[in-house]
Amino acid sequence: MGESKNARSLQWRQSKWSNCLLMAAVIALFVLPAARAQQETEQKGLDQGNYNIKQSIEFGGRLTSTSGNENVYDTFVNLQQGARLLGFTTEMHSLDHHATMFDRLYFSNFGYGGDPNEVSRLRISKNKLYGFDGLFRKDENFWNYPLLANPLNPTTPFANGPAGFGPPACDSCVISSSPHLFSTRRKLGDYSLLLLPESKIRFRVGYSRNIVAGPGFSTIHEGTEQALFENYMNTVNTYRVGVDYRVLPRTNISYDQIWNYYKGGTGATDPFLNPLFRLSNGATVDPGVSLNAGASQPCGGTFLATGFLNPACNSAFSYLNSRRTRTNTPTEQLSMQSNYWKAWELSARLSYSAGDTNVFGFNENFFGRVSRNNLRNDGFTGPVQGRRVAASADFGATWQITNRLSFIDSFHFLNWHDTVQFLSSECSFFSPNLLTPANVFATAVTLPLTCTPPAGANAGTPVHSASSGPDISLPNLSRFFKQDEKTNLSALEYQFSPRLGARVGFRYRDRTIADGNFTSGTFVFFPNLQNSRTPPAPYNTDANGAPVTCPAANNVGLNGPCFLTMAGQGDTSETPIHEYGGLFGLWVRPTTDWQVRFDMELASADNSYTRISPRQWQEYRVRTKYKAASWLNLQGSVVIWEGRNNVAQTNDLQHNRRLWSLRLYPADRKIRDGNRL
Amino acid sequence: MSFLRARVPLLLAGLWIVALLSVAMWGAAAAADDSNSKSANKSGKSKPKQEAALKYTRATDASLYVGTETCKTCHEDMPSKDFYKNYEASPHFVTTLDTKKGPEWHGCESCHGPGKAHVEGGGDKTKIFSFKGVSAAEASARCLDCHQTGQEHSNFARSAHLQNNVGCNDCHSPHHARESQFLMKEKTPQLCYGCHLETKQQFTRTFHHRVNEGLVQCSDCHNPHGGFQSRQLRVTASQDTTCFKCHSDKAGPFVFEHAPVKTEGCVSCHTPHGNSNPRLLKRAQVNLLCLECHAFSADAGAPATPTFHNQAQKYQACTMCHTSIHGSNTDQFFFKP
Chain L
1 MGESKNARSL
11 QWRQSKWSNC
21 LLMAAVIALF
31 VLPAARAQQE
41 TEQKGLDQGN
51 YNIKQSIEFG
61 GRLTSTSGNE
71 NVYDTFVNLQ
81 QGARLLGFTT
91 EMHSLDHHAT
101 MFDRLYFSNF
111 GYGGDPNEVS
121 RLRISKNKLY
131 GFDGLFRKDE
141 NFWNYPLLAN
151 PLNPTTPFAN
161 GPAGFGPPAC
171 DSCVISSSPH
181 LFSTRRKLGD
191 YSLLLLPESK
201 IRFRVGYSRN
211 IVAGPGFSTI
221 HEGTEQALFE
231 NYMNTVNTYR
241 VGVDYRVLPR
251 TNISYDQIWN
261 YYKGGTGATD
271 PFLNPLFRLS
281 NGATVDPGVS
291 LNAGASQPCG
301 GTFLATGFLN
311 PACNSAFSYL
321 NSRRTRTNTP
331 TEQLSMQSNY
341 WKAWELSARL
351 SYSAGDTNVF
361 GFNENFFGRV
371 SRNNLRNDGF
381 TGPVQGRRVA
391 ASADFGATWQ
401 ITNRLSFIDS
411 FHFLNWHDTV
421 QFLSSECSFF
431 SPNLLTPANV
441 FATAVTLPLT
451 CTPPAGANAG
461 TPVHSASSGP
471 DISLPNLSRF
481 FKQDEKTNLS
491 ALEYQFSPRL
501 GARVGFRYRD
511 RTIADGNFTS
521 GTFVFFPNLQ
531 NSRTPPAPYN
541 TDANGAPVTC
551 PAANNVGLNG
561 PCFLTMAGQG
571 DTSETPIHEY
581 GGLFGLWVRP
591 TTDWQVRFDM
601 ELASADNSYT
611 RISPRQWQEY
621 RVRTKYKAAS
631 WLNLQGSVVI
641 WEGRNNVAQT
651 NDLQHNRRLW
661 SLRLYPADRK
671 IRDGNRL
Chain D
1001 MSFLRARVPL
1011 LLAGLWIVAL
1021 LSVAMWGAAA
1031 AADDSNSKSA
1041 NKSGKSKPKQ
1051 EAALKYTRAT
1061 DASLYVGTET
1071 CKTCHEDMPS
1081 KDFYKNYEAS
1091 PHFVTTLDTK
1101 KGPEWHGCES
1111 CHGPGKAHVE
1121 GGGDKTKIFS
1131 FKGVSAAEAS
1141 ARCLDCHQTG
1151 QEHSNFARSA
1161 HLQNNVGCND
1171 CHSPHHARES
1181 QFLMKEKTPQ
1191 LCYGCHLETK
1201 QQFTRTFHHR
1211 VNEGLVQCSD
1221 CHNPHGGFQS
1231 RQLRVTASQD
1241 TTCFKCHSDK
1251 AGPFVFEHAP
1261 VKTEGCVSCH
1271 TPHGNSNPRL
1281 LKRAQVNLLC
1291 LECHAFSADA
1301 GAPATPTFHN
1311 QAQKYQACTM
1321 CHTSIHGSNT
1331 DQFFFKP
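Here the protein sequences come in this chain order: L and D. With the numbering used here, letter number 164 in the first sequence gets 164, and the count goes up by one each step, no holes. Numbering-wise, the numbering used here comes out as the position in the second sequence, counting from 1, plus 1000.
Chain D with its partners taken away, still in its complex shape:
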């Protein structure tokens, strides 16, 4: 087993290189195939190939568009009562007021694409883009065409959400939003619990960040639209952990750092969502957490607990004496700030 374990990185890297090469060759072949198809399409000898699914390209031919007022004639109360009126009140309606951009940026057709064929087909649903039945990536591509600007959304294409087929419409509803703000389908954190059910029980533990109480939002710490950190975590401007935004006195820098705070992060010792320990520590008893690192070992990464620290006595509460455990400017043993 140890032989295998030692070679896991090599095996993974090898597999990855093989997969990459295979895909690159496949990609090249597919690109060539695409090119051949387009040539065939131009000559009219083949059916038009389906448009790239994961990238939204707007048709610029103005004759393909019918305008929002035309949509209203059928969709005023369809598929639900006051359907069009609700849309009129929504922020997206302002696209219809834009006089500078072409019809492909206006109103309903800005998202659903050109409607002429749909109208001429007597409302044929197959002749207009519907967000139902398509993958999250395909649906989200249309939203991101306008909404990708700005740092908040700029990494959604690589976010864990989209990689798991969770797209814009899984959280936002342009037509049936329960929350007017950002057209959310539901209030947070209930919306987030809709998938992250295992997280909900963490926030119901005795000690927790006040998410259920409405004080803290999931999006205070996580960026649901993705980012460069694991768990889609946010960071402070100075690239520190997001915890320091509120717990700023722990940020330092300190003369005497408790190094794992900075290198391994707060989650090395704390469970931020909630726990039975009042300080959200991973272990119910303080010394059991400390001793996991500060025990005698030849692998001396951290200083061992002195032998006179009798674990049967008051020394069970390490932070009774080591009060400034996150870092100290004046005491190497963290006895004082």
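The following block holds chain L by itself, in its conformation from the complex:
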């Protein structure tokens, strides 16, 4: 997190020993090809017992010397000093293919010792008995990009501001590092075991584990943008069990049961209470990361003549946000593949997933001030429950009509829908400024929710503004989101000769995207202004778009709280999209050493879901390879994609033209590239 003193410039200065390293590298450049050529000859390995063993190990060390901003180095490079295991590989295979425990073993590793990427792979197999594949990967990501030269950084000094913020300059106003910096660690483990791989019935079991752990930083928009410290850990465990059954020659049926369990745990706090930002009562606050006197952020007249922060400003004393998300998704999958019939090759897959998601322990507490609505304390909680159901059916067929002509068809169906509900409850307390604690309204009326008064609160009438929301909110939101998709691709392929082939095809895709929401809720408005404030969106307007306020008729007693119960309201929408595309492809092999491939797609759609989703698009791809000599290969490619959504008021046009790429490489694979984008 700490930055070097010379953070404004990024200069790489080479010390004496790094110059020596450079020279060594130049020498190595001449020497290594010979060594490499030796290495590339087939390694014989060592025969020991019933095994042939090949092993290689590459130790090394990194000597790193950096100056300038270390965060930049860690963001872009992050290769730190120290000893490393650059590569370790062991391969064993049984000489007679009939060893006791295993016939083949492959164990490979790299990156250990502190590199940001560490990978291990283990494969063990015994013919006809089992095959195990394990892969473990760990990577570290650091991100903190200095924003010193960011033109958005304000420079206007704050009148009466503390040192660094006030006239003549506002050097401290600039955001010197990424507000959303993070230092995450991801661990990915994939393990699978195949039993009886060559028998009629094969069994498969597997397990995957994916962990992403923070910490990171984020921001929350509560009047201003307060920086938050997030300590999170998300874990996904996936368990797989499957069986393959060869029912007929060249015909397999497979069944898989997969269980996916996601655990998301996130907590965020605001630890950035800067002693420079004090109220007149001595309390420190966080006015957020947007410090821009020119734009009145966090407020106009941010500092009083006394140097204290204006108590009418947006600021936070503290913030806490925590939740535990759990998503449990079992999936059943049935698939088959057959080339039993001479002229046909078939494959199909059916799958069904129905998963539940729950957010437990959601709790958000804000203690500070939002000047727009006088919010002083806010407690927000409630459970989230959801369900995702996805059903898919895929079918593919190849019909070999003649020796040269074949017809292929590939059909994909997917229907998924998400339904999620949030039953929230929110207690809000209001005050006119940061120095005045919130007033707690005392009433004998039975309220739908008991709110715990914040520390230091006084009994009295809350001081609302016209923009203040309800004092108590109990909204119920239910959302529905769905997509139904069918895609069919059919094509005819004709092979004129072993050197020339072409295909023409047609792709059809039909999508229907639907969403809906249903909302209801109860809101309580305490005096004052209980009859002129509005509930939050989407409850703030009626069916005609007119603002909704709590009518005086709903007041309990004279000048008492107003209860507003919103009848359920909902809306739905549906977007159908039909896409049609023509495909053409051609491959040519003029000589044994030269091959050219070309394919294109021209497509259009009668609708689009977003403005940047094209209604017409075209893609052209050409790739060629030529082996000019045993020591020289030439290779090139051109890829052009263009899409447009040229309806009125949108006229979106996008293209991605990778006009040419050229690669020259001799047989020893030292590669020289040229690209033009």
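None of these hints come from the bench; they were simulated from the model. Take every hint as true, because none was put in to throw you off.
Sample of chain L residues at the chain D side, in silico, Cβ under 7 Å: (1) Asn117; (2) Arg137; (3) Asn252; (4) Ile258; (5) Arg388; (6) Ala390; (7) His412; (8) Pro498; (9) Arg503; (10) Ile513; (11) Ile612; (12) Gln635.
Note that CB positions come from ideal geometry on N, CA and C, so glycine has one too.
Following the hints, put chain D in place on chain L, whose structure we already have.
Same frame as chain L, now just chain D:
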């Protein structure tokens, strides 16, 4: 032009139907021709017709096979030194140990077909199947005869690779593999870059998935053997985009979905291979991407950006406030998770 554009789907569909009918008639005629040829062949009046090129059918007559040991007599060091020894060490050698299946499944002849004529012809190359000089489909048909089982390979016949004449032997080398694992010709991603050269430059951009570093493989996201998704992309078990395998916190479902994430996919906003934007966004500046949809328009697919979002100020970084842009359970404006 608009008249033509409006009719492009109809024109394409019409052309397709015409082509389909033509081919169906042609196919029927060709099938009849095949049938006539076979009849003629049985009566010995015609030369044998070439075996179906795109489908491998093993000859089951055991007398046509000579066995691997016979192959070894010539091919021990031919065409390269230790040729047979390398084969002995390869996984394919186990086929010679199978005692249950017939000789057409054993050793060299399992792939190259019966060798008797080749041997009797004094090593006549025209009398045994060689993988050189044949199309990818024809060569791959022989591999798939054993390797098509399992979900990984089950769609190779319809894969974009095979349709572009990229067959098994373009990536795998049974006799000269540089990589022992899966008999690959080369390590990935260099192997993939061998054709997808334009992709290589994407992975050399400042911010990219760590493919070149060896952490991520092309095959983590794409199935090189084909599938039912475009770009041969993989999907998760619950049919979600493959991105959610690692970026699982973006999968939801959420109370408030940023709908295009689910319907148009991550690539609607991101370039997954690499980009100059730290979050792999399609545009270098965040708001330029957001505004492409969230701008005022009568075609109101997405809510317009409020007028108080001054684009000259901090609002250029939309995600400074809309931090949970992929979806939120608690805030319809994505201000919090």
